[in-house]
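**Student:** In the order they appear, the protein sequences are chains A and B. Following our numbering, the numbering of the first sequence begins with 1 at its first residue and continues without gaps. Following our numbering, the numbering of the second sequence begins with 341 at its first residue and continues without gaps.
In case anyone wonders, no lab produced these hints; they're calculated from the structure. Please read these numbers as outputs of a predicted model, since none were measured by experiment. Warning: the hint list may mix true and false statements.
[Stated by the list, open to error] Simulated pairs of lysine to any residue, SDA-like, Cα-Cα distance not exceeding 25 Å:
| # | chain 1 | residue 1 | chain 2 | residue 2 |
| --- | --- | --- | --- | --- |
| 1 | B | Lys544 | B | Lys649 |
| 2 | A | Lys277 | B | Val375 |
| 3 | B | Lys606 | A | Ser328 |
| 4 | B | Lys649 | A | Lys277 |
[Said to hold, decoys possible] Derived contacts from chain B toward chain A, CB cut-off under 8 Å, selection only:
| # | residue |
| --- | --- |
| 5 | Asp363 |
| 6 | Met369 |
| 7 | Glu371 |
| 8 | Ala417 |
| 9 | Ala467 |
Built from N, CA and C at the ideal position, the CB exists for glycine as well.
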Amino acid sequence: MLKAKTTKPENARPFYARHSKEQLRNALRRMWLIRRFEEVAEDSYVRGLTHGTMHLSIGQEASAVGICMDLTNSDYITSTHRGHGHCIGKGAEVKFMFAEFFGKEEGYCRGRGGSMHIADPATGNLGANGIVGGGLPLATGAALAIQQRKGQDVAVCFFGDGANNEGAFHESLNIAAVWKLPVIYVCENNQYGMSVSTERSTAVKDIATRAAAYNMPGVIVDGNAIADVNEAMMAAIELARNGGGPSLIECKTYRTRGHSRSDRNRYRTKEEIEDWKVKDPIPAFENELQKFGVFNLAEIEAVRAQVETEVAEGFAFAQSGTNPLPQSVLRDVYTVSGAA
Amino acid sequence: MSMRELSFAQALNEGMAQAMEADPRVFIMGEDIGVYGGAFGVTGELVHRFGELRVRDTPISELGGAGVAVGAAIAGARPIYEFQFSDFVSLAMEQIVNQAAKMRYMLGGKISVPVVFRMPCGSGTGAAAQHSQSLEAWFGHVPGLKVVEPSTPEDAKGMLLAALDDPDPVLIFEHKLLYKTKGHVPEAMYHTPLDKAVVRRAGKDATVAALGIMVQKCLDAAEILAGEGIDLEVIDLRCIRPIDAATLIESVKKTTRLACVYEAVKAFGIGAEVSALICESEAFDYLDAPIMRLGGTDSPIPYSPILEKAAVPQVEDIVAGLRSLVTKRF
Ligand SMILES: Cc1ncc(C[n+]2csc(CCOP(=O)(O)OP(=O)(O)O)c2C)c(N)n1
Ligand SMILES: [Mg+2]
Numbered sequence: 001m002l003k004a005k006t007t008k009p010e011n012a013r014p015f016y017a018r019h020s021k022e023q024l025r026n027a028l029r030r031m032w033l034i035r036r037f038e039e040v041a042e043d044s045y046v047r048g049l050t051h052g053t054m055h056l057s058i059g060q061e062a063s064a065v066g067i068c069m070d071l072t073n074s075d076y077i078t079s080t081h082r083g084h085g086h087c088i089g090k091g092a093e094v095k096f097m098f099a100e101f102f103g104k105e106e107g108y109c110r111g112r113g114g115s116m117h118i119a120d121p122a123t124g125n126l127g128a129n130g131i132v133g134g135g136l137p138l139a140t141g142a143a144l145a146i147q148q149r150k151g152q153d154v155a156v157c158f159f160g161d162g163a164n165n166e167g168a169f170h171e172s173l174n175i176a177a178v179w180k181l182p183v184i185y186v187c188e189n190n191q192y193g194m195s196v197s198t199e200r201s202t203a204v205k206d207i208a209t210r211a212a213a214y215n216m217p218g219v220i221v222d223g224n225a226i227a228d229v230n231e232a233m234m235a236a237i238e239l240a241r242n243g244g245g246p247s248l249i250e251c252k253t254y255r256t257r258g259h260s261r262s263d264r265n266r267y268r269t270k271e272e273i274e275d276w277k278v279k280d281p282i283p284a285f286e287n288e289l290q291k292f293g294v295f296n297l298a299e300i301e302a303v304r305a306q307v308e309t310e311v312a313e314g315f316a317f318a319q320s321g322t323n324p325l326p327q328s329v330l331r332d333v334y335t336v337s338g339a340a
Numbered sequence: 341m342s343m344r345e346l347s348f349a350q351a352l353n354e355g356m357a358q359a360m361e362a363d364p365r366v367f368i369m370g371e372d373i374g375v376y377g378g379a380f381g382v383t384g385e386l387v388h389r390f391g392e393l394r395v396r397d398t399p400i401s402e403l404g405g406a407g408v409a410v411g412a413a414i415a416g417a418r419p420i421y422e423f424q425f426s427d428f429v430s431l432a433m434e435q436i437v438n439q440a441a442k443m444r445y446m447l448g449g450k451i452s453v454p455v456v457f458r459m460p461c462g463s464g465t466g467a468a469a470q471h472s473q474s475l476e477a478w479f480g481h482v483p484g485l486k487v488v489e490p491s492t493p494e495d496a497k498g499m500l501l502a503a504l505d506d507p508d509p510v511l512i513f514e515h516k517l518l519y520k521t522k523g524h525v526p527e528a529m530y531h532t533p534l535d536k537a538v539v540r541r542a543g544k545d546a547t548v549a550a551l552g553i554m555v556q557k558c559l560d561a562a563e564i565l566a567g568e569g570i571d572l573e574v575i576d577l578r579c580i581r582p583i584d585a586a587t588l589i590e591s592v593k594k595t596t597r598l599a600c601v602y603e604a605v606k607a608f609g610i611g612a613e614v615s616a617l618i619c620e621s622e623a624f625d626y627l628d629a630p631i632m633r634l635g636g637t638d639s640p641i642p643y644s645p646i647l648e649k650a651a652v653p654q655v656e657d658i659v660a661g662l663r664s665l666v667t668k669r670f
């Protein structure tokens, strides 16, 4: 098992050396977009503007963005029920996400999927998933398609610590390893699958150690440090694009919100949550950016202001969206003959 | 007699608690059923009363969890396995369909599989296509399984207790929107039969065979139509396998008309079975109109509340359907 290196002088780290100012700005923008999108989404839920449930990834933005920032639109991701971050990280626009939330025709899934099923194939996002572990075979299959067409793309599979106990995890990793598929498994280990801690659910301490059983590299990173996440990802991408097969990256992180809207947080302490709030990945990234002289405070504030506008405009766009017609309920059950 | 009221969820909780109290072999497994109390609060505080060994949080492993319950059942335990959503049974089909259902038969009657699966089902919560299905008919197609779907708190407890005392595997479908509904529940332990439908409203103009959450909707529709002089007999099917043909046949012979109302996708479902068993029976000759099925649309359950409502029969749809049924003729 490899450990991510964090010992070099930090401003010389590959993360800062290999990304342009614009890329770094965009990474920060996306992290803020995720945060603000979710805070506004949460608020609209509390105000009764949306129904269903939602799973917020507040506190986990560094892994979503650090993993996705070097991917192109022809690289694939599969996402999870906690997928807003992956979606934005891969390049989705918040206005269409809000529209999905409000069940509008303008939404990414025309209001048919909701928060838990947002997909954006145009940016390579094959979809969030309501089934824990559901994306593992799918990402593996996307990687198989890439291999069949002798492509250079990679498929990335986000999944949670809870999902690693589904059979789909084990079967998928084995297939990917045997066939040397260009797939990168990204476990966002936020230490709980709903209310059950990894200690209570998982026989190994680190999920990355399971990579050894499938003969692939397994790396553990601080999931709240975008540079750490991204450097591990760059290595995994290089391996996958060069025929080296799959890898597993475990991002140690934490969700500071409840599992979903109905969570009463009975399985963890307030202190634990507060401790993790201090490790918020966004201020940590902003501090680094300033420390290394990439941006000054004014530039950072400009990013935040831009995000505020984008989120407010997206929310307004979605609210004035179109409701689906009840008689359209059968649309897209099958491909209509003649349609693409 | 006291008319103590409990919610559907409380009734199940009380049934599980009494069964665990009475029989040390009984225990519960499932995802987040411990301190979380279950995704729908059904296990509630049971872990504090019975401890983590009898109210076991499993890893997120439905094939393993459900299969381990089957294994425990064949080795002398009386497990209850709670699926967090019945949709996730698709991950556990192997152990239920290939193992639990067939074991007794394949092994020449030498083994019993006294396992109970609790299956929260149905739409109406905005949880979209993978968390809203009504899959009970799937299991009706598997000999060896018993499949029930209570519509009242009283039946929920009685069927749970009957299932626990049954030597065969039983799946109990529980519509999520029923969990908070209240009704009279006897305090003692009692059984509700796993093979009997029940007439909830006697009438003479048509028989309405309803399942689960549709029972109350059909009773509401019957109330509305009573105002128009239409007198409906509403049967709560309760049991999918074995299905209570006798009660249906008797009712149809009296009313001469039949509708079957259920939330699941209409095609290939409980309605087809109900319709076929009437057509194969002596009640067929009594029919004055074609049998009607009112079920879910031929689609997954959509997220948008407008579409979600359109995807399953609402009281208005049932009223309109039944109004046309009573005037129809061959
Ligand atoms: C197959 C399946 N089992 C259970 C669930 C219910 N469920 C949804 S999310 C979740 C917890 C998932 O934990 P993890 O994989 O760690 O992801 P996290 O929620 O922590 O992001 C559970 C149990 C589900 N959606 N699908
Ligand atoms: Mg988790």
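**Student:** Of the numbered hints stated previously, which ones are contradicted by the structure, given in increasing order?
**Tutor:** 1, 4, 5, 6 and 8
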